[in-house]
Structure formats: structure tokens, C-alpha cells
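Chemist: Take a look at the letters that make up each chain.
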Amino acid sequence: MTTGVKTLGLDRHWRLALGAVLATCTALSVATPAWALDLATVAAQLAQRKGGEARFTEERFVSGFDGPLRASGTLSFAAPDRFARFTTEPRPESMVVDGNNLVLQRGGRSRQLALDAVPEVAALIEAVRGTLTGNAATLEKNFKVKVEGSAVQWTLTLVPRDARLATQVRELKISGLVSDVRSVELWLAGGDRSLMLVDPLVPSVTAVPTGR
Amino acid sequence: MTRRTVIVLALWLALVALAVGQILRTPFTADLSAFLPANPDAQQRVLIEQLQSGLPARTLLVAVEGGDAKARADASRAMAKSLRASGLFEQVQNGETDSFQQIGEFLVLNRYALSPAVNAERFTAAGLREGIDDTLSLLGTPAGNAIKPLLERDPTGETVRIAETLLPTNAPRSEEGVWVSRQAAQQNPRALLVAISKAPGADLDAQMGAIAAVQSAFDSGSIQGLTLKVSGAPVFGVDSRAQIQREVHWLAIAGTVLMSSLLLLAFASLPALLVAALPVATGVLGGIAAVSLVFGGVHAITLGFGTTLIGEAVDYAIYYLIQARAGGAAHWLKSGWPTVRLGLLTSICGFAALVFSGFPGLAQLGVFSVAGLLAAAGFTRFVMPLLMPQGAHGNRGAGLRQQMGRFAEWGVARLPALRWPLLALSVAAAALLLTRPQLWTAQLSSLSPISKAALDLDASLRADLSAGDARTLAVVQGADLQATLRQAEAAGTQLDALVQRGAIGGYDSVARWLPSLQTQQQRLASLPPPDALRSALAEATRGGPLAAERLSPFLAAVEAARKAPPVTLEALRGQGLSPLLDALLLQRKDGSWVALLPLQPGPDDRLDKDAVQQALQGLPGLQSPGSAPVNAQVIEIGTELTRLYARYLREAQVQALLGALGVVALVALALRSWRRVLAVCQSLLLSVLLTMGLLALFNVQLGILHLVGLLLVVAVGSNYALFFDMLHHGVPAGQGADPDTLASLLLANLTTVLSFGLIALSDIPALSSIGRVVALGSLLALLLSAAFAPRPRRAQGHMGHEKLLR
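Heads up: the protein sequence lines correspond to chains E and R, in order.
Here the first sequence is numbered in the numbering used here, starting from 1 and rising by one per residue.
Here the second sequence is numbered in the numbering used here, starting from 1 and rising by one per residue.
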């Protein structure tokens, strides 16, 4: 009886609105730990962090616009699978992911989505959630992952495996300082990009284990 | 042949010819509509309409299992392609998002009529700035990529607003670009398709073609190791029809063979057999013709039930053939016919209760049986004496009748000794029934011939597709389309607030695709003329990142929209949106419209029905005279079906009680003695108690059909009890309780037990429930009548039912 809207592949408009989701994924992140150069080790360290809060600022560089478009707000994350991004400037907006459920709020309107119905969105969400929870398997499943840097200052470069997602997103660069994610950079297929800088409210106690 | 004989025979032949003529013009159906109530209340009506003619009736759910995800996805794409090309389907969906470009363009073109954000403030400088900021906040994100090409045409993001409202809350899971199942853990992973046929759901031949098309689409692209599963209302309809037809044939053949063998055993005479078949044939023809006249069509289930009519009608022939031996036809008319007539009347009392049943299928059974019995009895009364004036007298063979008679005698002599044990058993049965207050719990689904496995498959496919989630609907209605759309908009406003509060997760509404004319005109009227828009835009973009100079396509688009006609239902249908519209909007036969707003639960599966009810109560209603406004309702499908069934069960209980009272009244009228009426009622009551007790012992959940069966037990059982009462109070002259008369009773009982026993074996629950109860109950009724019968007082001679039955 409800086949109508939900089964109608609204293609582009679908994707437009879903894009709204992606928008929020652009940036993301929260504090996390990591110190090794190999994904498994990084992930193991990240997995110990069970939650956190952070402030973010975001700059988006869009062709056809001279200066960057800016936004800022807060991020929060709680293991195993919840995280949220609340944009406060320039306009209030939020995205809350909990399990397979995604709730978007823009301009006083609220929408709910099933994440697994939109694999492209799910993959982008997993890029962040997988990093925050240290889920190496999820990251590897959706992206080709390259690990660079040092234990103290590391960068994950994620290239989408899914062809559909790849037509939209070229790559994600997630950088962290010890156990905190400190920036997320997203390169779109058209050349536009966004950079989100993350400032944890309580920076993880840096402590690189001294024994190593 | 006398003149009278000729006239009667000619009359009979003419009636038979008329009946055959009527039957030849009769459409026969075998769909499920017989199991849907005929006069539901307002809420149930919506549900029934949907089930009968709505989109679900032509929606096939298709699953591909086996292989790996890629093989399934490839098969899904190949099948979807070939099904779309077949021309049989209005829509085939499998999660691919490549089609529907056209709809996207349509929505973009009509965005100013469709976007909920459009109003006068939206086009002031402040409103424009707000809209533009909203759009800019998406740029530089993957979503922005999709929006960017539209930026100059639609800087305020009306397209995004529309898309937001149309975003499904509960879409199926997607993998490899197609829909797949969600609960991969406990079942085989599947790729899923939904195919909506063009042909109406009631056209089962066309639905069969659609199912075959799905099968052949799967076969042609078949990859090793994949299996196909198809479900949905059309499959149920087609399968049930095939099953019902199969069973009806089987029942008819088995019934004929059984009765013929029984008659041969009893009479050992072919002419007797042929003559006995005539009232049966007359009855069946009369029954079908009557149903056809009353209902305009005959359901195959009714024909299946016809087997039991064979069992009843053949009794008349048996009674006549045996009882007319001694005194001939004239004597039988005085002595035997009154008994048959009383039996006929009590049976009609039982079946008449069915005529008033709320289910068309049961009402057909009632009309069929009443008319069939009347025709068969009429034939026995008027035609039989002409054909065989001496009954079975002239026939040499007595078959096994002697043995049967002696067996019956033996039973009649021994059974009274079992009174106390039988009484004890009845008390035990009553006690057992008292401990089972949940006895009457059979569900509506127990009426339908769809197997549990088929229902389970359907439920799991629906869960995969998230299509079964809309168990709760808000329903609004109006006298015409526009009134209904306005109601849907008003309900939508209330529901939006609930979504915001988290009381519900979301909802679908036709008004998002098709706002009321009033709303569209308001929106289009709020679009400013070019000069005003240009200056407002200049002010709105001053100092912002998006320069007004880039936005001349926007100015042109708004100007075009001001002159554009509103979106109409026809225009949307032209875009291939019919399936969607039909799911959300129905037109009734009386011209009024209904909009369905399926509600989705929130993140934690929360759906606050009371809150919805309350919110919708505030809607301005179309006050129909003398009643509360019924324009907006909340319907919970599961609860509604249960409620519906409970109501029919209550009605049926009253009808059954009235039927039983009718039987007792007839008996009282015939016997004119309270003591004797009580004695008859005693064995009837005990039969019903023991039957129910046995059913309860085997944990049978009782429903409407069992109730109907019990009523028939009372109707049939009263004949047996009466028979023994007559024995006690003296039997007609020349008709002592000789073995032959007892044999005729035993034979009549056997035919009833066997014919109902036959349909008890049916796989169609509607038939088997009745069959089990009546076969068991009538056997018990005979035994109990014999056990509790007073000893015959042979000396008393001729009084009795000759006099009593006048």
C-alpha cells in the first residue's frame, strides 16, 4: 500500500536530498586516537575511544565562487554506532546517525532515512564512523585505504570502491593527531572540495604508550 | 400416463430448462472476494476497497535467491528490463535509479506549484536570502554536486524542498544497485523486485499471465543456482482459484461416486439409483440457478459445498423409495412426507441463518442450500410418486438394507445403556469448554485458503521491501477530488507537527505530488512580477557570494511559472506516476474520493496512534447529517481486521442462535408437548456439547465457520431426535420400526456424515471447517438421539406424527 513514494526510484531528487546527507558527511569527525602507520594498528587504537565531543569549522571551495563557503558547529560521537553533527553557523542544521537510522534536520524540517537504502551515503557515513570506532573492516570494505604519517600525526586517504560513489566523491583525507581526528578533507569529482577542522572539547590524553 | 403426470413432468422439465438457461448465463468466480465482508463500516470499507481493487491487488512481489550478490543483482536487472519491455506492467521497480529522469524534470518544471516553501514571503528580499543561503549550505558537498547545475534556475532550492518531502523514510536496502533483503541473518539473501500489472486485480487470467511473464523473464536470463519466488495478492488470487477449481471437481466426483455406491449397496438396483439421482440433480440445478439470480454470479466455493447438498437431497429419495414400498405413493404422501417436510423446514432454518451472513461466500452457501433443498424436496413430493409409484417395491434387490437395518436395531437396543457414560462425557466436555475461554479465537485469515507458508513468504518479502510497515494509515475523504486533497493537506500539516515531535517517523501523502488547486493557485499567485522580483533579488544577493547577474534563468523561470497551468492528476498520470497515485488516492463508485496517508514509525519503531488520532480530530470536517464528521480517521490494519472479524463472529453467533431457536420452534410446533420438545433438545444440546468438546480437545480454534457447522448439526440432528420421538409415540401404520425404516435412517445419516466428511478433507479452510463439525456432529447426534430415545411403545398404534405433523 505504501509502495508509492518509497519504491519509486526518484533518482535525481532522491539523490539531491540524499546529498543533503552527504553534505554533512563532508566534514565530520571527533576525537580519536591512533599512532601506527598500519591500518589495523591505527584502528585498534581508535577502537578504544568510546565517545567524544568536538567543535568544527568547515570551509568549502566551490567553482564559480570566489571565497570559501563557511560553516561551523559541534560534533559528537558515541560507540558503537551513533554520531551527530550540529551546524550552528550560518544556519542551524543537524544530522544524527544511529545504527541504520539517519535523521536530518534543516530549516525546522525533519527527515528520517534508512541508511542501507542508500549505499553511497552509507559508505560516506561509514568512512567517518568506521574511523571513529576503529572499524578497519568497514573502511576496507568501502574504500581503498592508504595510511601515511607518523603515529603522532597520521592521515588516512580513502578512495571509494563503489563506482557510483566514485562518480561523486574522488577521495577523503582524514587526519588525526594521536588519538583525535583533527581534519576531514573531501574532494568531489567535479573538483570542488571541503575541509573540516576538528577541535576536540577534551583532547584525548595524548599519551603515546611509552613502551613502544 | 395421466394428464396430470404429463403436466407435472412438463412443468418439471420446463423448470429444469429455465435453471439450465440461467446457469449458462452465469459468471463463475473463484477469487477471494467471497471472504471479504459485504457491509463493512466506514473504516473497514477503505481497507476492503484497497484489498479488492486497489494497487495491492495487482502488485507482484518478486525475489531472486541463491548465487552471490552480483549474480542476483544481474538477474534482477535483466528481469526488470524484460518485464518493462513486456508491456504487461505499469511499473517494474528493482531499486535501479536510472529510469525516472522524466519525473525529475517534471518536478523541476512545476516546482513553484509543488514546493511547500512557496508563499509571498519567500519572494521578499529576506525570503530570497534565506532560500539562497539554504541552497549555498549544500554546495561543496556531494549533495551540492547534484544541485549545482540547477543553481541559476532554482537558487532558492525549491527542487530540494520537494525532494525532501518525497524522500522515503523506509526504503528497501540497496546493494549492487538493486533492492535486496535486510534480514540476511535468518534467511537466504535475496534481490527484490516489485511489478505492478496494468490489468485490474480482479482479472485473474491477466494476473496469471503476469505471473507467467515473471517466470519466463527469470527463466530466460537464468543463471545457475538462482531460484525465483513470487508472492502478492495476484498470486494468492490465481493460486486459490486453481485450488478451488481443483477441489470442486474432486469433491463433485468423489461425492457422486460415494453416494452412488451407498445407494447401490442399499438398493442393489440401477433404476433406483438413477431415480435417486434425480432429486439431487434437480436440487443442484435449482441451487445454482437461485444463487445466480440473487448474486449475479456463483462462487466456486459454493459449488464445492454442493457436495453436501447431494448428501442431504439424496435422503429424500431414500426416504421415499423405502417408505413408499408398503402403501405406495398416496400413502407416503400422508405418512412419510410430513416427516420429510419437517426435516426440510429445520434444515432450511439452519441454512437460512447463512443467508444473512455478512460474508458473501457464506450467504451464497445459504441461498444455494435453501433453494437446492426446496427443489429436491419439491421433486420428491411431486415428481417421484409419478416416476416410481411403489417406491423401491418393484425392485427385487434389497441390497444390504437388511443387514443395515439389523445393525441399526442392535444399536438402538444397546445405546440407551450408554446414557450415563455419554452424560458424563458431555459434562466433561462442558467442563473442558469452561476452561477454554479463548475458544472462539480463529482469525479472519482462517477463512482464506492461503497457506501459512505462502503468507509467511509474503510477510517476509514485504518486510524486506519495507512495504508492510505501513500498518497504520491516516485516511481522509471528501465529496470530490479537490475537497479530498484539501483534507489531505490539512492532515499533512497536523502530521508534520507530529514528525517534528517524534510521535511518528514520517508519512506519505498524495498532496505532496498533487497539491489542491487552491494551494497551487495560492502559490503561483504569490510569485511576484518580474520587476519586483528583480529588485528583491538584487537586495537579497547584495554582499553575498552569489551574484544577482548569474540568476537571470531564475527570473525567467518564475515568470514562466506565473503563467503555467497548475499540476493536474492527469498530468501526473502522464508522467507514469499512476502506481504511486493509486496507492495514495482512491475514487469510490459513488464519485467521492479517499486519500490514504500511510504512517511510518519513528527511529525506535515508535508510532503514537493516539497522538495521530488527536491531531486529526482537529480537522474541519464535512458534517454529514446526523452523524459525527467521518472525514479523517486512523486505521491500524491488523487491529482493524481483527475487529472486523470479531464483529462478524458476534453477528454470526446471534444468527446461529436465531437459527437454532427456529429449529426448536419448528420441533415444538410439530410435537406440541414441552416434555417431548425438551427430550429432543436434550440430545441436540448434548451433541453440540460433545462436538465442541472434541474440537476443543484437539485444540481447534473455533471461528464463524465452526459456528455455522454447529447450527447445521442442530438442524440435521433435530431430524434424528424427532425420528426417535416418533418411534416412542407410535409410528404410522404399516411403518413399524422395522429394520428397513431404521436402515433408511442409518442411510440418511451415512450420506450426511460422508458428504460432510468429504468436504472436511478439503484444503479450503472454509469448507473443511464446516465439514469437520457437521460430519462429527451429525454422527454424534444420531448416536445420542438413539441413546436418549425413550423405549418405543409399540402398542399405541396410529397416533403420532401423521397427526402431529399436520
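Hints should not be assumed to be uniformly reliable.
[Claimed, not checked] Straight-line distance between alpha carbons at most 20 Å, and here's what the computed SDA-like set of lysine to any residue pairs gives:
1. Lys-141(E) with Pro-189(R)
2. Lys-70(R) with Pro-119(E)
3. Lys-148(R) with Glu-59(E)
4. Lys-148(R) with Trp-420(R)
5. Lys-148(R) with Thr-155(E)
6. Lys-141(E) with Lys-148(R)
7. Lys-70(R) with Asp-116(E)
Hints listed in this document are in silico derivations from the structure and should not be mistaken for laboratory results.
Chemist: Next step is simple, just say for each hint if it's right about the structure.
Modeler: Going through the hints against the structure:
no., hint, in the structure
1, Lys-141(E) with Pro-189(R), "holds (19 Å)"
2, Lys-70(R) with Pro-119(E), "holds (15 Å)"
3, Lys-148(R) with Glu-59(E), "holds (17 Å)"
4, Lys-148(R) with Trp-420(R), "violated (91 Å)"
5, Lys-148(R) with Thr-155(E), "violated (30 Å)"
6, Lys-141(E) with Lys-148(R), "violated (30 Å)"
7, Lys-70(R) with Asp-116(E), "holds (17 Å)"
The structure does not agree with the numbered hints 4, 5, 6 stated previously, though it agrees with the rest.
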